[in-house]
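A.B. asks: Residues per chain, in single letters:
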Amino acid sequence: MLWTVDDASPVPLQEQIAASVRRAVGDGTLAPDERLPPASELAAVLQVNANTVLAAYRRLRTEGILEFRRGRGVRVRGGTVALSSVTEAVHDLLRLGRGHGYTPGELARLVTTLGEQPS
Amino acid sequence: MTRYAITSTVVGRAQILAGAGSAALVATVMAAGGAAPWLIAPAVLAVAATTAHLAVVRLGAGGGRVVIGQGIWPLPARTIDTASLVEASAVDLSWPQAFGLGVRWHSRTTRLTVRAGPTLRLRTRDGEHLSISTSDPAAVLRLLELPTPEKEAS
Chain A
1 MLWTVDDASP VPLQEQIAAS VRRAVGDGTL APDERLPPAS ELAAVLQVNA NTVLAAYRRL
61 RTEGILEFRR GRGVRVRGGT VALSSVTEAV HDLLRLGRGH GYTPGELARL VTTLGEQPS
Chain B
1 MTRYAITSTV VGRAQILAGA GSAALVATVM AAGGAAPWLI APAVLAVAAT TAHLAVVRLG
61 AGGGRVVIGQ GIWPLPARTI DTASLVEASA VDLSWPQAFG LGVRWHSRTT RLTVRAGPTL
121 RLRTRDGEHL SISTSDPAAV LRLLELPTPE KEAS
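Chains as they are written, first to last, in the working numbering: chain A, 1 to 119; chain B, 1 to 154.
It is possible that part of the hints are untrue.
Unchecked claim - Facing chain B, according to a computed beta carbon distance under 7 Å, are these residues of chain A, among others:
1) Leu2
2) Val5
3) Asp7
4) Val11
5) Glu15
6) Pro37
7) Ala44
8) Val45
9) Gln47
10) Arg95
11) Glu106
As the list claims (entries may be wrong) - To spell it out: a stretch of chain B is covered by chain A in this simulated footprint if at least three of its residues, at any positions, have a beta carbon under 8 Å from a beta carbon of chain A; those stretches are:
12) 58-65
13) 90-96
In short, the hints are calculated from the structure, not lab data. Think of the CB as a built atom: it goes at the ideal place given N, C-alpha and C, for glycine as much as any other residue.
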């Protein structure tokens with residue numbers, strides 16, 4: 001599994017780590033019941049504090065994506081839905097866009113333009 | 001600055017099955033020998049714990065280091081700085097190779113291979129050869145930009 005953190009991003013590191021997991025679960029890279037690396041090992045290769053990784057794992061547990069099992073580490077919760085909320089939102093956007101006469105290409109350009117504007 | 005890391009956990013299912021079989025065999029033999037249940041249970045647990053430890057390989061790569069661990073418990077893993085590596089390659093091991101057959105013997109060999117298939121091979125400056133089961137060794141090589149035999153030859 002690929003993890004990405006960006007020091008220049010305004011998004012906190014803990015949230016970026018959590019986002020990596022949400023994306024992996026959403027696109028099927030992480031399957032239900034699959035084990036995540038120990039916080040200390042992930043922290044070592046991401047060059048972050050182990051408490052940052054633990055905070056991300058706890059947030060994901062609160063969201064129902066991960067579960068902590070004594071003696072078995074951190075795992076993706078069984079029955080986690082593979083289709084991510086991002087994919088569902090894109091489907092909704094495509095339906096709405098087609099209803100207003102936009103092609104998928106025009107929607108993609110609109111997303112890029114708006115995404116580059118400062119928030 | 002954007003940082004990337006790759007992690008993988010590989011479970012040797014054949015070893016899990018072999019461990020379960022061994023635990024059952026231990027329990028059967030001990031019971032047949034008249035051992036008390038309070039002796040059989042710890043023995044079976046010991047076999048199960050050993051199997052769980054040996055059948056799982058963890059790998060993390062990023063930040064100029066490779067972290068390798070074994071087992072399902074987060075016991076201290078081994079960290080190797082990429083600066084101490086002289087060569088790396090991605091290989092596809094057969095079943096005999098995964099368990100040490102048909103592989104050239106080196107005096108310092110560390111084998112963390114729990115199944116056939118994609119394997120990361122590393123060689124350190126002090127002559128240690130490591131083989132580690134991982135889901136995508138080529139991705140690890142790209143991430144760490146480790147020297148490979150092809151790069152060395154070019």
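A.B. asks: Now, for every hint given, state plainly whether the structure supports it.
C.D. replies: Each hint, compared with the structure:
no. : hint   : in the structure
1   : Leu2   : 6 Å, holds
2   : Val5   : 5 Å, holds
3   : Asp7   : 5 Å, holds
4   : Val11  : 12 Å, violated
5   : Glu15  : 15 Å, violated
6   : Pro37  : 4 Å, holds
7   : Ala44  : 5 Å, holds
8   : Val45  : 4 Å, holds
9   : Gln47  : 4 Å, holds
10  : Arg95  : 33 Å, violated
11  : Glu106 : 30 Å, violated
12  : 58-65  : holds (count 6)
13  : 90-96  : violated (count 0)
The structure does not agree with the numbered hints 4, 5, 10, 11, 13 stated previously, though it agrees with the rest.
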